[in-house]
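Visitor: For reference, the chains in residue letters:
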Amino acid sequence: MIASSLLKEVEIADPSRVLKQHPHQLSGGMKQRVVIAMALACCTRLLIADEPTTSLDVTIQAQILELVKKLKTEIQTSILYITHDLAVAAEICDRVGVMYLGSICELAEVAEVYQNSLHPYTKALMAAVPKPGKELSAISGFVPDPLDLPSGCRFHPRCDAAKKICQERQPALIEINPNHFVACHLYNGDKLGKSS
Amino acid sequence: MENLVETRDLKTLFPILRGLFRQHVGDVRAVDGITLSIERRQWMGLVGESGCGKTTLGKTILRLLKPTSGHIYLDVNLEIKEKIDELEKTQPNSKAYKEIRSKYDLATFAGSKLKNLRKSMQLVYQDPFTSLDPRMKIKDTLLEPISVHGLMKGQAAKERVGEVMEMVGLSQKQLPRYPHQFSGGQRQRIAIARALVTNPQFVVFDEPTSALDVSVQAQILILLDKLKQEHNLTYLYITHDLSVAETVCDSIAVMYLGKIVEMGNPSDIFKKPRHPYSRALVLSTPIADPTRKRGRHVLPGEVPSPANPPPGCRFHPRCDRATDECKTDEPPLLSEGGLRSVACFHPIE
Ligand SMILES: Nc1ncnc2c1ncn2[C@@H]1O[C@H](COP(=O)(O)OP(=O)(O)O)[C@@H](O)[C@H]1O
Ligand code: SF4
Ligand SMILES: [Mg+2]
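As you go down the protein sequences, you meet chains A and B in turn.
Residues 1 to 196, numbered by the working numbering, are exactly what the first sequence covers, in order.
Residues 197 to 545, numbered by the working numbering, are exactly what the second sequence covers, in order.
Hints may be right or wrong, so weigh each one.
Stated by the list, open to error - In silico DSS-like links for lysine-lysine, alpha-carbon gap of 30 Å or less: (1) A:K70 with B:K255; (2) B:K467 with A:K123; (3) A:K70 with B:K467; (4) A:K131 with B:K255.
Please keep in mind that the hints were generated in silico from the structure rather than gathered at the bench.
As the structure is a prediction and not an experimental result, all values here were calculated from the model.
When you get a sec, could you build the whole thing from the sequences and use the hints?
Guide: In structure tokens form, the structure reads like this:
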């Protein structure tokens with residue numbers, strides 16, 4: 001039976017029992033496995049996972065992350081993994097795109113994003129991640145109301161490096177280094193981006 | 197260092213009642229024999245997965261819940277605590293034992309004594325969206341504890357409210373506003389201001405940043421550290437986020453199914469966990485550094501129900517070091533000197 005082999009694929013120990021159960025009888029981790037199995041049922045080429053482990057405990061999250069990694073190599077599906085957890089992204093992604101208020105501000109290989117971040121927002125995010133022995137630093141100000149977006153670069157009201165042009169024009173996402181894209185006037189050179 | 201807060205063999209069980217006659221068929225053993233000391237001015241982290249009893253322990257220490265048994269002390273000197281222990285052993289039914297406990301042991305407090313206690317110990321909840329009354333102006337939210345405890349009146353009360361607003365990085369001008377006019381991070385600041393307005397000695401934070409983004413979380417953690425220094429506060433900080441605990445806490449207690457399995461300073465717990473469960477937690481926690489991929493150690497299975505904890509060591513069904521002894525006997529939490537204690541028959545070397 002296909003259903004039960006799919007459940008095996010997502011490492012559910014007792015597929016025939018689980019198939020007879022209702023969702024509310026399953027734990028959070030089990031439910032997430034079943035959902036992944038459903039997504040794989042139709043030979044998925046792109047799996048979009050929207051915060052799949054956010055409500056799970058770390059040991060269960062670790063089980064699911066291992067499963068996602070395994071599936072990625074075995075079934076050769078591409079995954080768009082949406083998360084607000086920088087540690088999870090560092091752990092499982094090959095490339096990372098950082099979003100701020102509706103647009104991508106930086107996109108690169110995972111190591112590049114974490115070790116050589118260029119966009120001021122990405123840099124500030126990395127500094128806000130708790131790491132032992134490191135002084136925490138916070139981004140000043142608050143995320144603006146999405147109904148009342150700032151002009152120009154949406155990050156400019158909170159950006160230490162903002163220049164005049166940042167208030168006027170939204171910077172375009174440009175490949176600064178091979179495979180490393182940044183949307184920031186500090187790096188844009190003479191490409192001005194679209195006016196807003 | 198002197199202990200500000202101490203619990204001894206603290207238990208909080210929730211009875212399970214079933215059937216027509218509401219028969220007592222068992223208990224949820226949410227907090228099941230916890231002995232814990234928090235030094236004055238210490239920031240202690242309490243970590244563990246959901247359902248292990250962190251909130252119940254925090255609320256019981258603050259006496260928002262009544263313990264089933266055990267002792268709770270706030271700022272009580274050692275001789276008295278020892279005296280109570282001794283009387284409990286030798287004459288548990290004596291009048292002397294009752295009297296001394298009713299004076300010092302928070303577990304016995306009720307009525308006005310309990311109310312009095314509230315100003316010295318406060319709780320900040322996880323969710324800044326539900327912990328503030330949406331119909332109350334911030335000013336009134338902050339004045340309420342002052343008037344409940346009859347601490348100050350009129351102008352003095354108003355000044356105190358303005359003062360705590362500024363302590364948490366907000367402005368007095370925002371006092372006439374309602375909670376919905378603030379962002380999540382600002383609301384959490386207001387909740388912190390409300391906890392501090394009575395000038396407490398001890399504050400329990402129950403996952404105060406888990407609903408916030410990482411950048412706002414950093415702002416709150418920096419604020420808490422500053423407040424702790426400036427006002428000589430002592431914290432119990434509940435979190436399921438180990439990286440937060442490792443970064444900000446002075447000591448960490450790891451809980452599993454109603455028990456503390458390991459305590460110690462953060463670098464000990466993270467670099468050399470001794471209890472197999474602490475190790476599993478540490479290794480399961482992702483780190484925001486793609487070059488430092490951890491040797492994965494996936495813990496099998498899920499946390500059993502605290503209504504029916506496994507016999508012996510509660511962790512034994514998931515433990516790769518378990519022996520026969522672990523299936524029948526419960527390992528005691530033994531001190532290894534300093535802050536470190538471990539409850540395991542076969543701790544990791
Ligand atoms: N008021 C209550 N009545 C019955 N069971 C409860 C009550 N509060 C908590 N519990 C149970 O006690 C256990 C511990 O809960 P809690 O202290 O909230 O854990 P944590 O904060 O670590 O997630 C859980 O199994 C929970 O379902
Ligand atoms: S006491 Fe035994 S079962 Fe419990 S954690 Fe230690 S080795 Fe594992
Ligand atoms: Mg809780």
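Visitor: Hint by hint, say whether it matches the structure.
Guide: Quick rundown of the hints versus the structure:
no., hint, verdict
1, A:K70 with B:K255, "violated (41 Å)"
2, B:K467 with A:K123, "holds (27 Å)"
3, A:K70 with B:K467, "holds (28 Å)"
4, A:K131 with B:K255, "holds (29 Å)"
Figure legend: structure checked against the earlier numbered hints; the only hint not met is number 1.
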